[in-house]
Amino acid sequence: DTEVTQTPKHLVMGMTNKKSLKCEQHMGHRAMYWYKQKAKKPPELMFVYSYEKLSINESVPSRFSPECPNSSLLNLHLHALQPEDSALYLCASSQLTRGGPQHFGDGTRLSIL
Amino acid sequence: GQQVMQIPQYQHVQEGEDFTTYCNSSTTLSNIQWYKQRPGGHPVFLIQLVKSGEVKKQKRLTFQFGEAKKNSSLHITATQTTDVGTYFCAGKNRDDKIIFGKGTRLHILP
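Residue numbers (this note's numbering), protein chains in the order written: chain U, 1 to 113; chain Y, 114 to 223.
These are calculated hints, taken from the structure and not from any lab test.
Some clues are possibly wrong.
Short derived list, chain U residues pointing at chain Y, Cβ under 10 Å [claimed, not checked]:
| id | residue |
| --- | --- |
| 1 | V4 |
| 2 | P43 |
| 3 | I56 |
| 4 | A92 |
| 5 | G99 |
| 6 | F104 |
| 7 | D106 |
Keep in mind the model is a prediction, meaning the values are calculated, not measured.
Backbone N, C-alpha and C define an ideal beta-carbon position, used for all residues, glycine too.
Based on the provided sequences and hints, a complete structural model is requested.
Now the structure itself:
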């Protein structure tokens, strides 16, 4: 069982759709992360939120828009994605604001048609 | 930019044999973390090493952090089928960024 919950587990969307990925943790962690992972590759950092403020944006295209409504929630809004954006999207949290051991959710497997 | 190199990329071992994966960083790390990802699963934190020359053990797993804090290794003694997965090292640099190695995929032959 994971303490970081991600929904949905699977998502299929067209290139013109708008959808959102959601992540929730109740461990009191103050840092939350979005990663993108392609098959047989390491997780690739996208965004880091520290105390609900965006602290790192790894030059991610604007079709990905993160949001941190409160300390327990992290969203990733998707719009006009490309087929190459198909991947596993992982959310993680850590107790330390940056650089601490991370707890990952199960991920959302995203397919862009 | 800073890289964390991890070798080997793949490793096939007979069940019962030992396994080792190595990580090397181009710069000094503040700490190094190890994660395991089972096929179809998500990365799971295993351990964090902080001190120069540190060695930690978890049952059959032994983790080492080099004296210069630029390299690390994970050694599994007497592998079991439950050890199957990809092992990632992740180094924390001075900017507090975590940089993942490419991972070593371990396959166990029965």
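Evaluation of the provided hints:
{"no.": "1", "hint": "V4", "result": "holds, 9 Å"}
{"no.": "2", "hint": "P43", "result": "holds, 6 Å"}
{"no.": "3", "hint": "I56", "result": "holds, 7 Å"}
{"no.": "4", "hint": "A92", "result": "holds, 8 Å"}
{"no.": "5", "hint": "G99", "result": "holds, 4 Å"}
{"no.": "6", "hint": "F104", "result": "holds, 4 Å"}
{"no.": "7", "hint": "D106", "result": "holds, 5 Å"}
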